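*Asks:* Fit chain G to the given chain P structure using the hints.
Chains P and G, in that order, are what the protein sequence lines are. So for the first sequence, our numbering puts the first residue at 1; every next one is plus one. So for the second sequence, our numbering puts the first residue at 1; every next one is plus one.
Read the hints as simulated data drawn from the structure, not as lab findings. Owing to the predicted nature of the structure, the values given are computational and were not obtained by experimental measurement. No false leads were slipped in.
Simulated crosslink set (SDA-like; lysine to any residue; CA at most 25 Å straight-line):
| id | chain 1 | residue 1 | chain 2 | residue 2 |
| --- | --- | --- | --- | --- |
| 1 | P | LYS192 | G | PRO41 |
| 2 | P | LYS192 | G | GLU126 |
| 3 | P | LYS192 | P | GLY134 |
| 4 | G | LYS83 | P | LEU202 |
| 5 | G | LYS83 | P | MET283 |
| 6 | G | LYS83 | P | GLY188 |
| 7 | G | LYS120 | G | ALA150 |
| 8 | G | LYS83 | P | LEU289 |
| 9 | P | LYS192 | G | SER42 |
| 10 | G | LYS120 | P | GLY188 |
| 11 | G | LYS229 | G | PRO41 |
| 12 | G | LYS120 | P | GLU195 |
| 13 | P | LYS192 | G | THR121 |
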Amino acid sequence: MTSIVFNSVTVTRPLPRSGLQSGDDTGLIDLSPQPNLARRKSARARWHRVMLRATMPLVILLIWQLASTFGLVTPEVLPSPSDIGSAFAELVRLGDLQAALPVSLGRALTGLAIGGTTGLAIGLFAGLWRIGEGLFDAPLQMLRTIPFIALVPLFITWFGIGELAKLMVIIAATIFPMYLNTYAGVRGVDPKLIEAASIFGLSHRHTAWHVILPTALPSILVGLRYASGAALLALVVAEQINASSGIGYILNNANMNQRSDIIIAGILVYAALGIAIDLLMRMVEHLALPWRAKLVLA
Amino acid sequence: MSSPDHAVELHQVRRVFGERAVLDGFELTIRSAEFVAVLGPSGTGKTTLLRLLSGLDQADAGSVRVARRRSVVFQEPRLVPAKRVWQNVVLGQRGSAARQQAVAALTEVGLADHVDAWPKTLSGGEAQRVAVARAMVHEPGLLLLDEPFASLDALTRIRMHELVAQLWQRHRPAVVLVTHDVDEAILLADRVIVLSHGCVTLDLPIGIPRPRGRTGRQFAELRASLLSKLGVLVH
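The following block holds chain P by itself, in its conformation from the complex (with noise of 0.2 Å):
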């Protein structure tokens, strides 16, 4: 049984053809359900999806692996799969992932508290007030053109080469992506909504309270999202500068000693970290929003 899917709509037999053809057209096609055709197909064409999902990656691996093998790729520049997998065993036996991943956590949290409180504040303040929205929408805009990536030489002079310059470098990346939708989430409340709750005799704050923040919170847990996803990147850039520890000190000391499995080990600790990251937000508009409809999770 094969199926067709033309943008998520499965076509499971070829329908009829119809207009030109010669026959004959007068009669009937059946197109009632067949027996039992609906359920089996349904779990293995999910079946038939996960493994064509994986089939691309597990050809590269091993692709990969007998490259290394046979020696087509030097370990130095490419190490294997399995020389990978030993590093990061080694990491985990030395304890060295363990005191580190708490130390790069910690920082891009700590950022992502403090930039996206002051997004969400500020864009709080842009959205429901005029006068907020006077202030600091326009120097916002401006600002948030500047990538984040080069103020990394600025902070270095302006916070040194410690914890304070990563910290900065990760409030600098997390700030915007949460002001730009919490602003946006509560300009994009529906005016018809707010006159609605006047006439109910709402008072501003109540309005603001009721009305505005609860509409806004799917672009609110948007931001929070890019905000995520920002502060490991900022993490990332921010653990270059320096690192004493954390995953940035690993691929640091990896690299001085030329030791390409532990980097690309470390490398896939900072993508784990983003999936993971990603995950949670997930879990967190799942539970913030049960109005919404049903989320996928993952």
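*Replies:* Here is chain G on its own, set in the frame of chain P:
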């Protein structure tokens, strides 16, 4: 000047948008508990009238006196999607007393089963009944209906007519129903007024005894005269 038996007293009201006077020298008095339907082609100031009565808009001149407690049912339900149905009915209030009030209002519109539902799970008719419950929970002296049934399917609309008639007879608010539907106006209202060019051009009492049906000579005559006033010729 103002009488306690009146829910609306408009005198020499003028409302101008740019160069155009949408309402000019407008006069309207509505007794309390009176059901008035407002007909008129688009752009004749029906919505402007309703916005003035609700307080969402202000007149440029004249005197506008309306009942203190007013509620509006808009063309769209205008429910907060993030609040459960009962919270929408008593928007801004919390606690079990508010909930009880909401449940009572929702029971009256036949939605007792949907008290805790999210607005997005409701059908168009159900959402509009929530909006009606939200309007009624404030025990309005003046209920303003801005084409509230326009986007509903024909069967749902008939049910909504019955519901509104029932609620009006039970709670006796004065009602202003803005509509395009002549049959709806004749079915529900004590009085139908027709607007054109910013003035009332026809003020027609509907004497048909209630409950009303769409049949009968009286209905047909009223319908024909209103339609001809609105520029539709019926043979």
